[in-house]
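All chains should be modelled from the sequences, with the hints used to inform the complete structure.
Numbering (full-length UniProt numbering), first residue to last: 1 to 107.
Incorrect hints may appear among the rest.
[What the hints assert, rightly or not] Derived CB-CB ranges, DEER-like:
1) L53 / H81: 39 to 45 Å
2) L53 / L84: 44 to 50 Å
3) E41 / T72: 42 to 48 Å
4) H81 / E41: 56 to 62 Å
5) N67 / L105: 52 to 58 Å
If you are wondering where the hints come from, they were derived from the structure by calculation, not from laboratory data.
The structure displayed is predicted, hence computed values, not measured ones.
No residue lacks a Cβ here, since even glycine has one placed at the ideal position from N, Cα and C.
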Amino acid sequence: QQQSIAKQTAELSAQLQYELKKDFLGTLERINTSFAEATAELVALTDAEQSLLHEEIAIRGNLKTLNEKLSTLRSNKDAIHSTLKSLQARRAEVLKDRDVVSKKLND
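Here it is as structure tokens:
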């Protein structure tokens, strides 16, 4: 009977070792799979980040160009506004002179 118990103990020990090894290999496989997925996700995120950085650089360049154009347009507007004021003042003088001449002719 002692031999039978020793044999059963050996069998159970072997089975336990097998199950532990099987469980360890399964865990290792799951870890490797998770690592591969994480690596793929990291690559995808890195690519997306690079794409966004290139897009940001392009947008910043376009923004700079548009700001320069806006500055030029504002300068042009200011120059035109100044010219317009000058012409309006001149017109007012001409109208005033015309009124003076008209009054002289009517007198």
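Exercise. Checked against the structure, which of the hints given earlier come out wrong?
Worked result: none
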